[in-house]
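Chains as they are written, first to last, in my numbering: chain A, 1 to 332; chain B, 1 to 326; chain C, 1 to 508; chain D, 1 to 319.
Hints in this document: simulated from the structure, not taken from any laboratory. Keep in mind the model is a prediction, meaning the values are calculated, not measured.
Pairwise CB distance ranges (calculated):
id, chain 1, residue 1, chain 2, residue 2, range
1, B, ARG320, A, ILE180, 52 to 62 Å
2, D, LEU319, B, ALA41, 32 to 42 Å
3, B, TYR168, D, GLY124, 31 to 41 Å
4, B, LEU269, C, LYS130, 30 to 40 Å
DSBU-like mimics (lysine-lysine), calculated; alpha carbons at most 30 Å apart, straight line:
id, chain 1, residue 1, chain 2, residue 2
5, B, LYS207, C, LYS400
6, B, LYS207, C, LYS283
7, D, LYS7, D, LYS49
8, C, LYS400, C, LYS353
9, D, LYS314, D, LYS25
10, D, LYS209, B, LYS155
11, B, LYS207, C, LYS321
12, B, LYS155, D, LYS25
13, C, LYS353, A, LYS328
14, B, LYS207, C, LYS387
15, C, LYS152, B, LYS207
16, B, LYS207, C, LYS409
17, C, LYS353, B, LYS207
18, D, LYS286, B, LYS155
19, C, LYS321, A, LYS328
20, C, LYS237, C, LYS400
With the Cβ distance kept under 10 Å, some of the chain B side facing chain D (calculated, not the full set):
id, residue
21, ASN95
22, PHE145
23, TYR168
24, LEU241
25, THR244
26, PHE253
27, ILE293
28, GLN302
For glycine and all other residues, C-beta sits at the position ideal for the given N, C-alpha and C.
These are the residues of each chain, in order.
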Amino acid sequence: MPQSLSLSAAAGPKRPSEWLRALFRRNEIALLLSLVALIVFFSLASDSFLTTRNITNVLGQASLAMVAGIGVGVLVISGEIDVSIGSLAGAVGIPLVVIMNMTGSLELGIAGALLLALCVGVVNGFLAAYIGINSLIVTLGSMFVIRGAVYLYTGQKAIPDDLMLESFYQIGNGRLFGAISYPALVAIVLLSAFIYLMRHRPFGRKLYAVGGNPEVARLAGYDVKRVKFIAFVICSLLAGISGILLSSRLGSAVHVAGLGFEFQVVAAVVLGGVSLAGGIGSLFGVALGVLILSFLANGLGMLNIATEWQLVTTGLIIIAAVAFDELKRRAK
Amino acid sequence: MSEITQPAKSGPVAGRLANNSQIVLLALLVVLCIGISLSAAQFYSVENVIAILRQCSLVLIVGAGMTMLLIAGEVDLSVGASLAFSGCVAMDVTNKTGSVFLGALAGILFGGLVGLFNGLVVTRLKVNSLIATIATMMILQGGVFLYTREAVQNKHQQPAFTDISTGYLGPIPLPVIIAAAVFACAYVALRYTTLGRYIYAVGANAKAARLSGRRPEQLKLLVFVVTGLLAGLTGLILASLMNTGQPTAGRGFELTVIAAVILGGTSLLGGRGTLLGTLLGVLILKVIDNGIIILRWDQNLQMIVPGVVIVLATYLDLVRRRADAR
Amino acid sequence: MHADATIDEPAVATIDPAMEMTGIGKRFPGVLALENVGLTLEPGKVHALMGENGAGKSTLIKILAGVYQKDAGAIRIGGVETDLRSPRDALRQGIKVVFQEIALISEFTVAENIFIEEYPVNGVGSISWKTIRRDAAALFERIGFNVDPAAKVGDLPVSQQQMVEIARALAHEARIVVMDEPTSSLTPNEVALLFGVIRRLASLGIAVVYVSHKLDEIFEIADTVTVLRDGRRISTKPVGEHTHDSLIQDMIGRRIENLFPRSRGVARDDVVVKVEGLSTDSKLKDVSFEARAGEVLGFFGLMGAGRTELAKAIVGYDPIKTGRITIAGQPLSPHNTRTGVSLGIGLLSEDRKTEGLMLELPVLQNASLASLEQFARAGFVDEKREKSAVQAFVDRFRIKTPGLGQQIKNLSGGNQQKVLLARWLMRGLKVIVVDEPTRGIDVGAKSEIFALIDQLAAQGLAVIMMTSEMPELLGLSDRIAVMAEGRITATMSRDDATQEKILNAAIA
Amino acid sequence: AAEMPKKIGYVTNYATHEWYQNVIKGMQDRAQQLGIELEVRDANLDVNKQVSAAEDFMSRGVDVLIITPVNEEGVVPLVRRAKEEGLPLVLEGNPVKGMTTMVAICDYDTGYHAGVEAGKYAKGHLGGVAKVMNVGLPLLSATVLRSNGFMDGLKTEIPDATMVHDLDGGGNPDRALEISAAALAQNSDINIIYGINDSSSQGGLQAWKASGRSQDGLLVVGTGGEGLGFINMMNTEPSYQIEAAMFPEKVGFTAIDAAVKLFNDEEVPQHIVSPTTPMIGSDGWKQYYSVDGTTRTINWDAVNAVQPAEQCMKTAADL
Ligand SMILES: Nc1ncnc2c1ncn2[C@@H]1O[C@H](COP(=O)(O)OP(=O)(O)OP(=O)(O)O)[C@@H](O)[C@H]1O
Ligand SMILES: Nc1ncnc2c1ncn2[C@@H]1O[C@H](COP(=O)(O)OP(=O)(O)OP(=O)(O)O)[C@@H](O)[C@H]1O
Ligand SMILES: [Mg+2]
Ligand SMILES: [Mg+2]
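Excised from the complex, chain A in its bound form (with noise of 0.2 Å):
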């Protein structure tokens, strides 16, 4: 009796305790401090910053970075990297636009963008995977040709949506209930959806053990090419909806669309506290890292800091975020 008393009383006030504490060895917690650290410096500092329409104004923008952002989550934490989502995010307006110019269907035009996407990821994903290459050399490699294929196709030039269609005009511009707006609606979907694949199926741990250790993974019997393969593939494909949503928000498919969108996002990503070398992070942690430089440069902006000074500050707060986060790690 009064073992199990004691028992109950360890027990008890325990949990919540234990609870926090696993809250706090996580890594996303430093993160996600400095994200509401810089929410309340912003709104003390600047009067329109905390509106809905601003607070919606920037989920909004940072849906496209988080869109391809948790594709290269995905293929990070596999271990691979794919540079070339700007290039291709900027690429896929082109057959977006030109089929729907062409038989006046927004659906097929963005059939068309979702298939050009794919045929990027399993070329990236063939050349990294099954062949063998550096995937940073390959898509180094395709960053190059399909920036220079969009610039020989038109010349450089825009291609401007000449039927003005409406639903193409909503699906980057336009809010449900007029309050969210798609392109965040498309992010928290696509971001739910890969939380739950990454944490609770099979085909998610899969990538993290990839990842983790490749010859483990094939030890336990994995097909580890197969796993990276399809981590390419599930990377351009959000990288190409990311660039149907760039499209739609210019009304256009705009050649120099997408230019250094790559670098934006490995740093999300890597500020999100997923791991080069693979295995390493939570697509959580990449969400916090795209919302904290998109409200960065919001309320930087919002503060009408002169981009000089904006980017300084940029930098510096990214060094601050991730020497945070390693000197928490050690202290651990």
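For this one, chain A is given, so just place chains B, C and D with the ligands on it according to the hints.
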């Protein structure tokens, strides 16, 4: 790397070369040069060769540092922004002091300081070097406009400043001499000195290196500083070539450098790579770039062709190595 | 489906023999690893595989596991000729392997690692984490291993990781279970538990392959012994036909006169290492001891007693909280291996792969890492001298490698260990700390390493040896320190030491 | 007196470029005169960032929005959104489908007039031969128009003028220098270098000098006149004889005026032309600018006296 990985016996030169992972690149380079020459004789005119070498020298100088950095297991994406800033500093200090020497020194040292900053952030704060140097790139891009809103002109029209890039030593342009000297020093350091060995060791297994009495942080810091100094030197040469300090220069330069280094076979995971490979990588990329203009091809191919070549060369090397392993 | 199946009821109806390999050949660049090797496994029997380091044991096992493809020969499983093209094929055939190198995902929990081959899923295909945790705990309880299923594998010491590996092989149905040196970092207690499990597996009709360098274990557990040497099969005999000596004779082709040679005299009086009041944040509490020139000081302890941590602290690798370390009268600045090495103290780590080997680099550079300055003039490496010095060690230690240029990742575990030992011996040291120096090393090499340690002590070095092997401890040490929970609980001279006294102190 | 907007937001294309710095300077000067608060955001050449910056301005509640499009197609939805919100929008630089008004120079005309002057110079100094290396930028319609205009203007004086090299110099000096060096090696008979901006002409000229050629018999024509660089080059480089001045300050000034008019619902033309003119010879610039150390000051009287064209000869629609 491969020279070092060779079995202890030192075979005949031809044998060693054939075994070497640079053979694919060398063959590629030769094919490219012959191909372009056949369709456009201007390719091997003295003027063009000099123009190519001058361009190569800029990439090679930074590439030498970047190769060492990748071997040590780190990377620096801030070199493009750093070289723009260094060029402005070099020009500005030249203007203010009237001394080209002081200006040059200031530019190079500035680059070194950037390298020191990167190195400290990476080794002390333990920030992943990819993200740390992306951040530094942003800081520098912003910082250079806080430093100067406009391109810094060669106010006193000092000819010595432009001579740094357009001068000759005998028939050879100065930047090429500088690049050759940098390359030779880096090559010897990496290949024949204890320092070079430790750089490989740190990249291959930092814990083992530490247990053996090395300080991985110090070594990495050193390589960051060297890379920074070389970026500063390149910034100086570029500023001299343009006769101005241009705050917007160097956009995308880091990608060219990294593309050349990995084309040369250096591993991103650390512990593997050679400077000879980097040299060939630089030459191939710049010959392609030049050849497309000489052949009057569509300039958009200047993106597509290198993209294909990087993948192709890596693939061929892979095939060669797999055949070797059999 | 899970643990219960393997342990408690026969998994697969068995046919005689369970598996037959004939004429197996395997060549690596520069090495003929296996040549015409045959192996027949019978259900319900434990088949031991023995041989020197580099004899080809792991290679044979990897072919059985589908990791490597055989160049020649045939594999028949249950009478049917089978091609094992990938680990997946082997797993499907019910072949479960505990590999010599630990094969776990360090970021995953223990429980997840155990079910990594096939996650239990619920109706909609989601992983059932509850089942995983529950079954893993149940499995450990059944085996008797004491590992926290919720711990992250990367946080665990090697020994616990090894238990996880073993548990994983038992989590699913199996018809052949292969263990490649599973006990190299287990305590005697755990070895006993493992043997219990193996006997149970055998009684269920499962064929077990067992690789170990520990002769006693072979005599205890094996039914049949196959000995490999230089990639060829030397003999296959029932264990009863072997004696210690005959087994060693088969393995190394010669006899070992004395496993623990002793050429050194009494230790000198000069204290080379002095540790006073050493504590660290994590484990060590007020550790003090001295080691003298010319002696071997053996540290014994159960797993997690703190020996590895002590080793890392005294060479300056890990930070310390309080305390003082002096090497030959000079204070060692803590958390600074540079002064440690220059004062003449070096550590042979227990974790070869992550703290010792530069896997991608050749043998040459792995060997000369700590002593490069000796071959350098004005910072330039004299490669000729370097090569001849390394070659001398390769010859002396009989390191099996096609050349100094071979990447070290291609060497067998034992040979890798020899290279790492050479790394330190090439540099003249005053003190060498060896942490589990003979983990995964064959008897022949072991006796060489023991001889070496003895010689080093005779030359005036202080040798600090962390070991879990009682014979090694008793055979080699001049004095013995026993650790438990981060403290030294007893110190005794060899003459006073008995197994009982030591174990008592270790449990305290 | 017209009512003044309280706050104007300007989303620029590339704030760190000297051209835009001077546009912003002109805007700031004018806004200050009128007591208007001006806020500037930089798209930094990123189309997506431009849309975000404009969105931020909209949610922040500016009274008028001015945009220099990174790409004119890419801001079509923005124009629509501004209309839906009733936010007056002025475009700078390039026309956009559905826009109300735009302040811009005539790029084609700017190149054209410089071309005519170059032709005259070539007749006098280059023996009537004109072999042009165009250090261009196909990426932007504006810069393509300049190059086309230059060649057309040149041909009015020298009908058999040819463009022997049409290069993509990226609009920045280092890339311009690199590809110019290759082009010069390919063709040794080039005698006119045309740059679509000052960085491009500078890159071309530096490549020329680096190849060890003498500047005798060479003409360099720059475009923009945005910083100190062209003044420096006109002062010191014998071949740098013509600069097509585009007066960025004036563009900024005019854009603010247009914004005020829109705010007051006044009638404005679709294209408000900002003047340009070629500046010739080493002293040509002194009429419009004075330099003190590293600051240059615009001479407003002289610039305001330059008459803008009623209508551009050619626009992006003609490409
Ligand atoms: N991937 C590889 N590439 C090249 N050589 C290899 C490779 N794997 C093993 N070898 C070589 O094959 C031989 C047999 O090695 P193996 O690992 O089978 O030995 P082992 O009997 O398990 O030794 P140990 O007792 O040390 O573990 C060794 O000479 C080794 O160097
Ligand atoms: N429960 C634990 N959780 C995390 N890390 C542990 C734990 N126990 C031990 N370790 C780590 O494992 C390593 C080895 O442990 P330690 O030095 O305590 O044991 P040891 O006496 O050398 O025993 P052995 O090497 O046989 O495991 C150390 O680096 C220690 O930090
Ligand atoms: Mg083995
Ligand atoms: Mg230990």
